[in-house]
Amino acid sequence: MSDHEQRTPVSLTGLSADAPHLQPLARRPQMVEQVITVLFVFGLLFTLLFGVAFVQNWAPWTLGATLGTGMSLFGIGIIAWGKYLMPRGPFVEERHELASSDAEREAFTAAIVERGGGVIKRRKFLAGLLGTGVGAFSIVSLFPWVRSLGPMPKGTLFHTDWGKGSYLVDISGRRVNVSDLTIGSLVTVFPEGMEHTDNGQAVDQTVLIRVTNQDFTTRKGRETWAPQGYVAYSKLCTHLGCPVGLYEQELELLVCPCHQSMFNVNNGAVPTFGPAPRPLPQLPLMVDANGFLQSQSDFHEPVGPGFWERS
Amino acid sequence: MSTSTTTRRANPYGKVGQVINELDDRLGIAKGGRTLLDKVFPDHWSFMLGEIALYSFVVLLVTGIFLTFYYVPSSTLVVYHGAYLPLVGQKISQAYASSVDLSFAVRGGLLMRQMHHWACDIFVGGILVHMARVFFTGAFRKPREANWTIGTTLLVLSIGEGFLGYSLPDDLVSGTGIRIAYSIIESIPVVGTYVAFFLFGGNFPGTVVLGRFFILHVLLIPLALLGLVGAHLFMLVQQKHTQFPGKGRTEKNVVGTPMYPVFMAKTTGFLFIVGGAIALLGAFAQINPIWQFGFYEPARISYAVQPDFYMGFLDGILRIWPAWQFNAFGHTIPLEVTLPTVVFPGILFALVYAWPAIERKYTGDNELHNLLDRPSFRPKRTAAGVTMFVFLATIFVGSSTDVIANFFKVSLNTVLVEMRVLTFVLPALAYPITLKICKELQGFSGAGKRKTTNIVTRTEEGEYVATPAPVYVDDAHHELDALPVPTFVIEDDELVVSTGVRRAER
Chain A
1 MSDHEQRTPV SLTGLSADAP HLQPLARRPQ MVEQVITVLF VFGLLFTLLF GVAFVQNWAP
61 WTLGATLGTG MSLFGIGIIA WGKYLMPRGP FVEERHELAS SDAEREAFTA AIVERGGGVI
121 KRRKFLAGLL GTGVGAFSIV SLFPWVRSLG PMPKGTLFHT DWGKGSYLVD ISGRRVNVSD
181 LTIGSLVTVF PEGMEHTDNG QAVDQTVLIR VTNQDFTTRK GRETWAPQGY VAYSKLCTHL
241 GCPVGLYEQE LELLVCPCHQ SMFNVNNGAV PTFGPAPRPL PQLPLMVDAN GFLQSQSDFH
301 EPVGPGFWER S
Chain B
1 MSTSTTTRRA NPYGKVGQVI NELDDRLGIA KGGRTLLDKV FPDHWSFMLG EIALYSFVVL
61 LVTGIFLTFY YVPSSTLVVY HGAYLPLVGQ KISQAYASSV DLSFAVRGGL LMRQMHHWAC
121 DIFVGGILVH MARVFFTGAF RKPREANWTI GTTLLVLSIG EGFLGYSLPD DLVSGTGIRI
181 AYSIIESIPV VGTYVAFFLF GGNFPGTVVL GRFFILHVLL IPLALLGLVG AHLFMLVQQK
241 HTQFPGKGRT EKNVVGTPMY PVFMAKTTGF LFIVGGAIAL LGAFAQINPI WQFGFYEPAR
301 ISYAVQPDFY MGFLDGILRI WPAWQFNAFG HTIPLEVTLP TVVFPGILFA LVYAWPAIER
361 KYTGDNELHN LLDRPSFRPK RTAAGVTMFV FLATIFVGSS TDVIANFFKV SLNTVLVEMR
421 VLTFVLPALA YPITLKICKE LQGFSGAGKR KTTNIVTRTE EGEYVATPAP VYVDDAHHEL
481 DALPVPTFVI EDDELVVSTG VRRAER
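Residue numbers (my numbering), protein chains in the order written: chain A, 1 to 311; chain B, 1 to 506.
There's no promise every hint is true.
Looking from chain B toward chain A, a few residues come up when the C-beta cut is under 10 Å (computed) [stated by the list, open to error]:
| hint | residue |
| --- | --- |
| 1 | Leu128 |
| 2 | Ser183 |
| 3 | Gly256 |
| 4 | His331 |
| 5 | Trp355 |
To give an idea of the interface, some chain B residues facing chain A are shown, with a C-beta separation under 7 Å as derived from the structure [stated by the list, open to error]:
| hint | residue |
| --- | --- |
| 6 | Ala105 |
| 7 | Gly108 |
| 8 | Leu110 |
| 9 | Leu111 |
| 10 | Pro189 |
| 11 | Asn203 |
| 12 | Val254 |
| 13 | Ala265 |
| 14 | Gly282 |
| 15 | Leu318 |
| 16 | Gln325 |
| 17 | Pro334 |
Keep in mind that the hints were calculated from the coordinates and are not lab data. Source: prediction; values computed, not measured. Yeah, the Cβ is synthetic: ideal placement off N, Cα and C, and Gly gets one too.
This is chain A alone, in the form it adopts within the complex (with noise of 0.2 Å):
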């Protein structure tokens, strides 16, 4: 099969029909038909197959293995055709000079420079106003296609469903009590009416925790935020929004299971770990007297990832 790069190369035309370029590569030709015949027979037979397969509805991978082996192996006896049993070669053909002539060059540059160019040339201040038109157009038709697609962020952004008063509430609805918990363990909460709303779901999903018995400070300036040692943080994640959704239980750390972020439940959660750059916020909590848990307030700053307009 070497014999193909050690022979010179020829053109295709005007070769007799005895030509050694034009004889097949094979040295045993009948052999090779033989197995592109074998190739084709079974390359029939399972694409008969994949019709048998789909009318009687057979599991799906019958339909792949069928469909794919049928395929192949056309494709190999194709192949095996091309290489062994059509012309050798090799064959050259000429590149021909992509260039035009420098004479060519000029005639067309001409046609653009003067002819075009002439005209535009001496109505210059109809040109320059025509000019002004399309860039005008151009900018002004794009303000549909900007501006209509959706509102501003105006201050959508700084602020969640959370208020005074909001009551807590797991995924069903359910208000959460003091007694609910125990310690360690952890619960996504919504504000009342908000758990199957988009807007609940996705920003003011908040993760509520147990971590003692007591009442507990985070951080100084957040005394009274964590009644009966229940702390709640946003659940978006500083890093790019991903719920904060693992909790490493002894070492009461949240952790993003996006790209690994930590954060120590215990002052505040922090950043541990990880490329978040801003603690998870805390929400200020407080007890009803029937025991259930209430936020006092709206988050202290824009929960989430960052952005230009949060300061």
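Given chain A, work out where chain B should sit, using these hints.
This is chain B only, laid out in the frame that chain A set:
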């Protein structure tokens, strides 16, 4: 003209001849058609890599059209009453419900979905290896810079197309991916929140994004891809193929097999093999089992999931980038997001786009090139390419820090620190090592060929004499022989006095 057509002698080729007569009278196809049939394609296995991309694109179009008949791009919640029993009675989005039913209730649907996903991974992978071939052999040089630009655009578009595609089923994994994409857009200074709100029609998740992703994925980007693939192939025909140096091969010709019928047979067979391989993968290798992930709710998340491979380098660099945040003058720039996912890919692709111009500036080489380089004869280019590959591969591995930590039972912290170090160390090692290997390879002209044996003979006097056997017949070709060093390149520190061309390093 009318007289000449009537006085023509009859075409001796029967029915085919008649059809061609009729067509040629009206369209004049014979002359150009003959040139096309005689077009010569050079033979080399590496020219097949681009065909992998082209033919998996064909599979993508065919399977994709099938999928559009069943998929519903809507996030409206419905109560599921379909074929997949664990979901029955649950409130899920129409997009997810239709994707699950497409897999279980539509005959052949699961195969089509899996083939579509596999074809996508093979498409992007095919583009990447094809691009590597073009880069390392210098096929991007003048006159083919524009085609390099088109190819790079095809890569960018197909990565985006892939992301949009795997976002559509609205399963838990893809929903998280969209959430991350939203946050990345939001992180762009000044305009980020506006772009995110306009694209998603409001704050995440909004209700319009699936519909918008759908029309981008099934119409706009495929149209752009089709147009650019057409332009890519048109330029290839216009400029003709590059080829490796060899017997009878010059800058001014192409040596190989003609379009009709030899190349046509080989390439059609290859189309069948690519399609067949994708069908077999779709049958036996499960990919993206969305019914196992569950439907997307923004407050839920899955663990140890990675995006498709072509997004891995971005996910990896996000993980190993330190938590830098710029915060001053009442504004925040989330550098921990903006730098790795906006600035870094921007620089990366700008470098790829600009490479032909950079190399031309560096070597001062403004000639037309139709013969390809052996990578070892361009050590600096090869080393630069290998360095970039090693860097991207390292940050790609970085996207599995959690999996690595679990697998080797080491702390996540250790893995992260090691990945940060390796990101700098491995590329820094790759460059000099590649350079050295290239220069070593240049040292002997038989590189890439088998060593010949020595034939030991015993003379009548009892003396043993070793003589080298002739070169293997298979190795006697010239393709891998050393190239003459072009005049614009000179050896390391030796000055070439005679030519007077500008000095450049090799």
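To see whether the hints hold, each was checked on the structure:
1. Below 10 Å, beta-carbon pairs count as interface contacts, and Leu128/B has none with chain A, the closest being about 23 Å; its hint is therefore violated.
2. Against a cut-off of 10 Å between C-beta atoms, the interface hint on Ser183/B holds, since the closest Cβ of chain A lies about 4 Å away.
3. Restraint check, Gly256/B versus chain A: the minimum CB separation of about 6 Å is within 10 Å; hint holds.
4. Annotation: interface hint on His331/B holds; nearest CB of chain A at approximately 6 Å, less than 10 Å.
5. The interface hint given for Trp355/B is violated, since its Cβ lies 22 Å from the closest Cβ of chain A, which is over the 10 Å cut-off.
6. Proximity of Ala105/B to chain A is violated relative to the hint, the smallest CB-CB distance being about 12 Å (cut-off 7 Å).
7. Against a cut-off of 7 Å between C-beta atoms, the interface hint on Gly108/B holds, since the closest Cβ of chain A lies about 6 Å away.
8. Among the interface hints, the one on Leu110/B holds; its C-beta lies about 4 Å from the nearest C-beta in chain A, closer than the 7 Å criterion.
9. The interface hint given for Leu111/B is met, as the beta carbon of that residue sits about 5 Å from the closest beta carbon of chain A, less than 7 Å.
10. The restraint placing Pro189/B at the interface with chain A holds, with a minimum CB-CB distance near 5 Å, inside the 7 Å limit.
11. With its C-beta approaching chain A no nearer than about 5 Å, Asn203/B sits inside the 7 Å limit, and its interface hint holds.
12. Nearest Cβ of chain A to the Cβ of Val254/B: about 5 Å, under the 7 Å cut. The hint holds.
13. Nearest Cβ of chain A to the Cβ of Ala265/B: about 3 Å, under the 7 Å cut. The hint holds.
14. With 7 Å as the threshold, the beta carbon of Gly282/B comes within range of chain A, its nearest partner Cβ sitting at about 5 Å, so the hint holds.
15. Evaluation of the Leu318/B hint against chain A yields a held restraint, the C-beta minimum of about 6 Å falling below 7 Å.
16. Proximity of Gln325/B to chain A holds as hinted, the smallest CB-CB distance being about 4 Å (cut-off 7 Å).
17. Satisfaction of the interface hint for Pro334/B is found here, the shortest Cβ-Cβ separation to chain A being roughly 3 Å, below the 7 Å cut-off.
Checked against the numbered hints above, the structure breaks hints 1, 5, 6 and satisfies the rest.
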